[in-house]
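Engineer: This is what each chain is made of:
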Amino acid sequence: MATGITILDPTNESKPATRHTLSRPASIKGLTIGLLDISKPRGNLFLNRIEELLTERGAKVLRFSKPTFTKPAPVDLRQEIATQCNLVIEALAD
Amino acid sequence: MSSVAPVLPDGFVVIVKRECATCQMVEPVLKDIAAHSTPLTVYTQDDPTFPESLSAIHDSDLAVSWHNNIDTVPTLIKVVNGKEVDRTFGWLASDWQRITEIPELGTDLPAMRPGCGSMSVDPDIVDKLRAKFTDSPVIARTVEFSDAEDEFEAMYARGWTDGFPVVPPTRERVLRMLIGTTRHPQDVIAIAPPDLVELTVEKIAINAVMAGCLPEYMPWVIAALEAVCNDQFNMHGVLATTMPVGPVIICNGPGTRAIGMNSGINAFGQGNRANNTIGRAVQLTIRNVGGGRPGEVDRATHGNPGKISFCFAEDEVGSPFTSLATERGIPLGQNAVTVFAGEGPRCVVDQLARTPEELTNSLVACLQTVHHPKLVIGFDAILTISPDHGRVYAEAGWSREKLIAELTERSMTPGADLVRGAREMAEGIPPHLRDATLPKFRPGGILLTYAGGGAGLFSSIVAGWANGAIGSDPVTRVVGS
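If you read the protein sequences in the order shown, they are chains A and B.
The working numbering puts the first residue of the first sequence at 1, with every later residue one more than the last.
The working numbering puts the first residue of the second sequence at 95, with every later residue one more than the last.
It should be emphasised that the hints constitute simulated quantities derived from the structure, not laboratory data.
When the alpha-carbon atoms are kept at most 20 Å apart in a straight line, the in silico EDC-like pairs for lysine to aspartate or glutamate are as follows: (1) B:K222 x A:D9; (2) A:K15 x B:E238; (3) B:K125 x B:D104.
Calculated Cβ distances over 12 Å to all of chain A for the following chain B residues: (4) H130; (5) G438; (6) P481.
Yeah, the Cβ is synthetic: ideal placement off N, Cα and C, and Gly gets one too.
For reference, chain B alone in the conformation it holds in the complex (with noise of 0.2 Å):
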């Protein structure tokens, strides 16, 4: 697919377009080159009898012009031994003239015109040249669709897709996906479970264009996906267990605005493409590579809408507290994501509690509902404060480590009421524990973070999974490029 790159020719090269109105303006300025000793070679870019005082040579499949980095007509371009020793572009009269070493050259014309737009940076076929003369890595197999099929329904067909249609993830999208992260397209990020398989940057980049994100947001899917295959967050587990967890990223750093990440209204919820299509590339990719579907080693006995895409960013400008990064040892600054075993949200209401220990206490009481009211540290939770809620801390002064100290100390339940049968009910703790106090969650077992929409006294939880050694543990890493 790759070509060779066209050697110029020595002496003076412009490329030009017959549609550019400083192409058209500079064209006495070629003759004046041309009638001198040193040669002078005209590439048109869209009509070869531009220009007609000139001979010149048609860049029809415009390889001239991408090979050589034309961003803009008119480009010169002075050429010694077969390299380029000097280039300008657009009409800047001082430079023509010190190029060409011409000093009277175009000295009737304006002493600046910007030139235009280069036919090789077209938007609309840009990623058609690349994939043409990109001498790209891409290795993946490639499937070819009769002329008789639906593109999307033969996706569908073949067990690619999480229910939603996705992208036709052809050689130019996937090419274009590239551009957004620095990594080699054969760069092993992980071994995907379930199937225990080598996954690419190339395999990641084709889903990611099937969940539809942008180039900007491969750093993001590569590091949640290092993030969630590994041993400490067990996808495999997350996946063939029967309970409704899925991986939930948390996305802190300022690169979460620079890619417009939602961590305001509806911030768990539809609408932002980044935080959409993120969460859904990163399961794509375990779906198709990894080969973890549902009905085979996903075995949940419910799933949850968050399994397609659960993906949010924190409010870390608005935030009162530190950022959940921060916490877990990401410098301020640096862009890392956290993924989780989460379940869906809930809602935490309480319109009415005006101090910090109120509210704390409706906040316990829900939290201790997580997944069974006796059962307690063996699953850890998300617990998104929003900004009506968040106030009530900030103008107490409450900081993050004080506030999950009083959610610990106020969780604190006698084992005498979460033995199993205490209560009338069957379910809860082992019987040697009656004796202890035991708080809701093990240290380190919330995941406090900040999110949401500007009103609303609520606040949300995410139930967990089995936590540690047994199950799955959060996992951060930092984004990289």
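Chain A extracted, bound-state conformation (with noise of 0.2 Å):
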């Protein structure tokens, strides 16, 4: 819920006021997944089963991980991700 600052757009209103998600592809067939784990304990756990899962359903899968789950992921680190793969999961665990 926005309960911050409102201001006026600056901008010539040809674009949405609010970012929208991505659509949802149809399938995952051929698509390269990343798996991105903020390394926290176990996750890795995690992932493993969601790369056999992924594997099965015919995807590519590749697998990042963040120095620490305490910052946000680097810029190099996120620009690896966006120009590899077509879909990214990323996982939270304990």
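Using the hints, build the complex out of the two chains.
Structural biologist: As structure tokens, then:
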């Protein structure tokens, strides 16, 4: 819920004011899916199982991990994921 | 957001606040008026229990005060058939006696005592009241940030800044900015490139807030945007070119001094709010409304830091020359902006010339290097003479026209030295001009201005982009209200 500051749009308003999520792909077959381990304990167990399931369904899986769960992913890592993957799943686990 | 103005009751209306000593002083007077036959209505701004001896209506949201333009308390208003017919403010015994027709009113008080500021004009809250009560035709869509978002970071993330933080354009701030112009918020000033969208006063005001402008800068920002958004200046081309140019804004007229522009020490540099935010507002408007962003339509190879803001005033008072605006047809005393597609300024050092001829030769030698020593006619330039250099011309009695003529004459160069391949440089003018003798600049191609601090035997050159129909011509516009 937006409870922060409200401002007037400085643009020509040709783009939507809010960003929308991408539509779901019809199939994951043949797509490259990144699995991002945020480096919390046992996140790898969860992601290992996800990788099995995705691979069975015809997706190519790439694994990534953040140096630490306490900080945002470094820019380089985000760019690497964005350029190599069609989809990304981020694992939160404890 | 607007509200209907409350109708004042017939009779006498007095607006007071407890914090005001004059309001406290007139309390017995109010009792006296109430004892007469004409009804008295008292509105109190701060404390609903004041005045104790009378019942008062608490103007808690200040709607009554705002809508009735109360600047001072106490204010006495006479209302007949729902219409105000007379008013006085502060305590002036003769006025109160005349309006109430009670001759003995307050005769034990001093004849006069000034009032206090009304809460409805308190600088800390007046913007909120304006936003709440003004039926303003501001129609921009609103963008709400979540409380987890830092609004400054959110505006960066949306691509609305020039790389520096921008002031959040809240409704309150935008309405305050609009006070600076008499233009209607929905007036269309121009068609903004590159997206070719209608540019309204409201959108300019939003971007002027973001740039850090004061309301009194608005007419200058509007005039500068009018000046850049047309085929003559060709803002689209200025954006799209790979050359390092942006709109350089030269301001003329007494208004430059009224809004505190800098034409002296560090005139091109940092530190002056008007200079820096007027130029920035123009560029933010082109970015956000026009859609002109680096890497998209803006294809500059290097760009230049002046593309954030490059705006200065001419020192007309100190200048030995007629002003640039006068030269370009603007009557003396009128405010005007001239826009020029220019790169960053470069310094001309000559600390030894003591005659106008010597100094002019130095200026010409440096002007010849504009973009390339062998390219002529195709580019204009701003030449800004400093006070120390200007004195050499003033003492010799050289006018603007004389200096321009000398600069032109002394820049004449044989075509054989300029053609492609000459002087072992491939760059140059086409070979068919080998036998011509050419000046560096086309007629009108030197925009002579005067500015700078009182010390420094330097002048300054701002080189332009391709001129004429294939590029950009300087444009001058009168600054309106």
